[in-house]
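J.: Here is how the chains run, residue by residue.
There are 2 protein chains.
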Amino acid sequence: MYAQITQFRKMLQTLSRLLDKARAHSEADRLPPEGLLTSRLAADMLPLTSQVQMACETATLAVSVLAGRAIPQFPNTERTIPELKDRIARTIDYVAAFKESDFSGWEDRRVAPPGWSGAFRGEDYFYQHGVPNFYFHTVTAYAILRHKGVRIGKMDYIGQLPFLR
Amino acid sequence: MYAQITQFRKMLQTLSRLLDKARAHSEADRLPPEGLLTSRLAADMLPLTSQVQMACETATLAVSVLAGRAIPQFPNTERTIPELKDRIARTIDYVAAFKESDFSGWEDRRVAPPGWSGAFRGEDYFYQHGVPNFYFHTVTAYAILRHKGVRIGKMDYIGQLPFLR
Chain G
333 MYAQITQFRK MLQTLSRLLD KARAHSEADR LPPEGLLTSR LAADMLPLTS
383 QVQMACETAT LAVSVLAGRA IPQFPNTERT IPELKDRIAR TIDYVAAFKE
433 SDFSGWEDRR VAPPGWSGAF RGEDYFYQHG VPNFYFHTVT AYAILRHKGV
483 RIGKMDYIGQ LPFLR
Chain B
333 MYAQITQFRK MLQTLSRLLD KARAHSEADR LPPEGLLTSR LAADMLPLTS
383 QVQMACETAT LAVSVLAGRA IPQFPNTERT IPELKDRIAR TIDYVAAFKE
433 SDFSGWEDRR VAPPGWSGAF RGEDYFYQHG VPNFYFHTVT AYAILRHKGV
483 RIGKMDYIGQ LPFLR
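As given, the protein sequences belong to chains G and B, one line each in that order. According to my numbering, the first sequence is numbered sequentially starting from 333. According to my numbering, the second sequence is numbered sequentially starting from 333.
A couple of the hints might just be wrong.
Any copy, or any two copies together, can satisfy a pair, since identical chains are not distinguished.
What the hints assert, rightly or not - Using 20 Å as the maximum straight-line C-alpha spacing, the simulated SDA-like pairs for lysine to any residue come out as follows:
hint: 1; residue 1: K480; residue 2: L378
hint: 2; residue 1: K417; residue 2: Q345
hint: 3; residue 1: K486; residue 2: W448
hint: 4; residue 1: K353; residue 2: A399
hint: 5; residue 1: K353; residue 2: A374
hint: 6; residue 1: K353; residue 2: M377
Keep in mind that the hints were calculated from the coordinates and are not lab data.
Make a model of the complete structure from these sequences and hints.
T.: Have a look at this one:
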């Protein structure tokens, strides 16, 4: 499970770097960065701030339920880029503190994420809900910035080598 | 590895269903569906057709290199929704034909994806490149449709229970 979790750490680092680029873009254009944070791809989709918060939430939820831990509640109160970057950093720290042994038997653990009716195999939940949901918010955050003209490209999403360990 | 691959099958099925909704949307509005297929989120991003093709390519590439197989080449010639749905169906068939035993030792297999310099551990490549890249194209396809006003929502992305086996 440790290897699976590297993708959360890696992509959360990516999100943090994308927010740096968003800030640089706003400063270069003398625009308030909050204009990007409230941007969205459709009127009834969540804005950038919420996409970042939900990427953090979905990673936190996945590792917590698969380790059989209580799910920590981080209130979604961030309103600025530094606050969002701090939220991401705290999420990375939370995820990185888990050890392989914390997930012993996770594949077959019966998990019942909050709001779901019923319990599911850990492996099914992880690969078919937790991971797709995490990337939904991560990629949508990238897409919002891209759509708003922030000068980022695919390599900013894919990230640099070497791979994390 | 079989469990990891269910996410490709599941999300490719999702993409196919999203294309059904795109076609229904176009028909309801008496618009040619090709208008959606050439839509993009930014002038220098790839359009919907390419996002679907690349979701298929990244899934095909990941399972092939991790199983030590030659990478099949599917030319990116699709121009219509039925052609894209057929491409997706062929990709699902390709992915689903692999057995757990085909991936024996995949975590430590040295893989050298085409275009990369150097070889990498299979597990690092999969979780930190193959999977993020697959979701990049899958979520961007969803985002394009959402941005263009197709009546889809988050549950169309997350998909239905039961989980695939």
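J.: Run every hint past the structure and note whether it holds.
T.: Each hint, compared with the structure:
| no. | hint | in the structure |
| --- | --- | --- |
| 1 | K480 / L378 | both (15 Å within a copy, 16 Å between copies) |
| 2 | K417 / Q345 | within (9 Å within a copy, 34 Å between copies) |
| 3 | K486 / W448 | between (34 Å within a copy, 15 Å between copies) |
| 4 | K353 / A399 | neither (34 Å within a copy, 37 Å between copies) |
| 5 | K353 / A374 | between (22 Å within a copy, 17 Å between copies) |
| 6 | K353 / M377 | between (22 Å within a copy, 18 Å between copies) |
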